[in-house]
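Protein chains in written order, with the working numbering: chain A, 1 to 592; chain B, 1 to 137.
Simulated from the structure, these hints should not be mistaken for lab results. In this text, a Cβ means the ideal position worked out from N, Cα and C, and glycines have one as well. Don't take every hint at face value.
To be clear about the criterion: a stretch of chain A counts as covered by chain B if any three or more of its residues have a C-beta under 8 Å from a C-beta of chain B, and this derived list gives those stretches [unchecked claim]:
#1 28 to 42
#2 111 to 119
#3 137 to 148
#4 254 to 261
#5 347 to 360
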Amino acid sequence: MHILVCGGTGCHASSSNLLLENLREQVAGKDLAGEVQVIATGCFGFCEKGPIIKIIPDNTFYTQVQPADATEIIEEHVIKGRQVGRLLYKDPVNKEVISDSRKMGFYKKQIRVALRNCGFIDPENIDEYIAADGYSALGKVLTSMTPEQATKEIIDSGLRGRGGGGFSTGIKWDIARKVQADQKYVVCNADEGDPGAFMDRSILEGDPHSVIEAMIINGYCIGADWGLVYIRAEYPLAIERLKTALGQAREYGLLGEDILGTGFNFDIEIRYGAGAFVCGEETALIQSMEGHRGEPTFKPPFPAQSGYLGKPTNVNNVETFANIPVIFNKGAEWFASIGTEKSKGTKVFALAGKINNVGLIEVPMGTTLREVIFEIGGGIKDGKKFKAVQTGGPSGGCLTEKHLDTPIDFDNLLASGSMMGSGGMIVMDEDDCMVSVARFYLDFTVEESCGKCTPCRVGNKRLYELLDVISKGNGTHKDLDKLRNLGEVIKDTSLCGLGQTSPNPVLSTMDNFWDEYLAHVEDHRCPAGQCKDLIRYEVVAENCVGCTACARNCPVNCISGERKEVHFIDQSICIKCGVCFMKCKFNAISVS
Amino acid sequence: MKKVKSLDDLKRMKEGLQANIALREKSEHPEAMTQIKVAMATCGIASGAKEVMDFFITNLAKRNIDAIVTQTGCMGYCYAEPTVEVRLPGQDPVVYGDVDVKKADEIIEKHIKEGELVDGIIPVNYETIDKKYSGGI
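Throw the hints in and build the complete structure from the sequences for me.
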């Protein structure tokens, strides 16, 4: 028998380590060591009801177990074989007691569709992919469906583009299918550029064949015989694995001429991006592939009408493609049964920032931010308070406490002033200054703006300068008005998605954290203590014991004082790096 | 060179391959066929997965344990890389997080040799597309 005790950060904070010790003591004391093993585990993703214990093999799940409960668990459950009723989980809705963890709702929070093979198969072995149902969707489509029927299947599934825009994938395919041309192209957009998003890389590194299979299906549907993967050169391992996979698929005859004896031809080549954020925009991506500067072009004409080399081109993101084979294997109806009314299926999110369980998760559309951050993500680091979550990267906005119970889908996120984007989620706590956050993202957009249209090239730079002035405490109310007006104008008048969304971080933080902007402007104060020009580090005389730790670690030697005497910080030299604050063990450095 | 010439070919291959993979579990020496998967995506490698994988390969051979070590993609637990999945024959797979060489040694000595679990298990908290909650810990 095994007793698993959750040692995740959340449970640890509610003394699961003491519980672990007590259980081990009990086991040793009752001479059970030969039969019962007590094991510490990682997070169960159910931190709300922690500490958690699971007993194997009967899968009994105990919640909110206190260290003192150890005796009862050992005596009742382990020795007498009776479950401890009061510690069992009760369903919050129907109050029913559920003892078997396999029947509990929280296991249903994550479902892996796009990530189905990541972490399960060897990405460099096509045989493992085929054994896991690989290329069977391709076989089904090529031998039993017309391009029209196959496209309809994707339309019926309700799949929407996972790269950020959320346009119906099936309709996109249908437009490209209906255009008459002697040559068409399929393009996979693997130019993942959002800070903090890495799902496309993970899919290409963990399951490259699913993307290849989907691209071949896409080629059959729209009548293309050539595919291109546009991938950033910063992803060397993903490129390596993709190359290996392409080689194996060719060797097996799944790429090339007369695929599966059906007379259909298709092959794929790789194109490298140099890491420009704007090249994730499909028209700029096509320009870049043609050897031009990565600048977006005016739409229409859409790539589906005139794309790569002037030919009809369908561009989809990696995650979108990874969903395609499953839709054919399990049916459009199955796919459409997951998610919300207008956003079907699942979405992969990359959790990053001040969150305990940093990682990749995949949840059905309609899961709430609270479930993602506090249950799957294990809550905020170091027990701090949740402040905001930035979704959609530099194009998205900051969502706050009041949005925590909003079901996540394309439309709800847009309505809340953010967007799905590629699915990066950066979690912020009480120590993050929202003016600085907005400035950080603007810094990124200014750097990445291609410079083709004026609102984006000049406007974003001006936005950045205004934010910079405010964060230095020199802003006025007029600056705040300008910030909002300019943001709206950039949104309305920019050429491509980059400019149309770049003011989002500013506008959404202004909407949700107006007080913080006011504090910077009116009181010349940064409530989170992040804006360097608005804070001072000072020695608290009554706490200082003169240990010299601060003075020894100060990079600019601005702290003076004898051993065992109160130290002093010279404000004219201090660069506000905060090292003294971190090094002091006596709470003798204050931030104001 | 194997060529997949038709859908029937593909189906036959799939059956063969699935049987192959099942064979690993139901071989004549079930106690001898342990499967170890190391998550070898960029995140894993950056945290030392390569070293851990090499350790498993060389030490399993040294200690005369017949096991299959393969690489796989990112399991999603980036906060606990490197991650390793251990599947003893006939048992549900168990995933360990934060595996360094020391932990790998403990896994070989305790889990693989004795069948005892070791601290640091990452519990399953998702469903797969085929089954509702596929088992495992």
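Against the structure, the hints come out as follows:
1. Against chain B, the stretch 28 to 42 of chain A contributes 5 residues with a C-beta closer than 8 Å to a partner C-beta. That satisfies the three-residue criterion, and the hint holds.
2. Here the stretch 111 to 119 of chain A counts 8 residues with a CB under 8 Å from a CB of chain B, which clears the bar of 3, and the coverage holds.
3. Proximity of the stretch 137 to 148 of chain A to chain B, defined as three or more residues with a beta carbon under 8 Å from a beta carbon of that chain, is established by the 4 residues found.
4. Here's how the stretch 254 to 261 of chain A fares: 3 of its residues keep a CB closer than 8 Å to some CB of chain B, so the rule of at least three is met and the hint holds.
5. Requiring three or more residues with a Cβ within less than 8 Å of a Cβ of chain B, the coverage given for the stretch 347 to 360 of chain A holds, as 5 such residues are present.
Checked against the numbered hints above, the structure breaks none of them.
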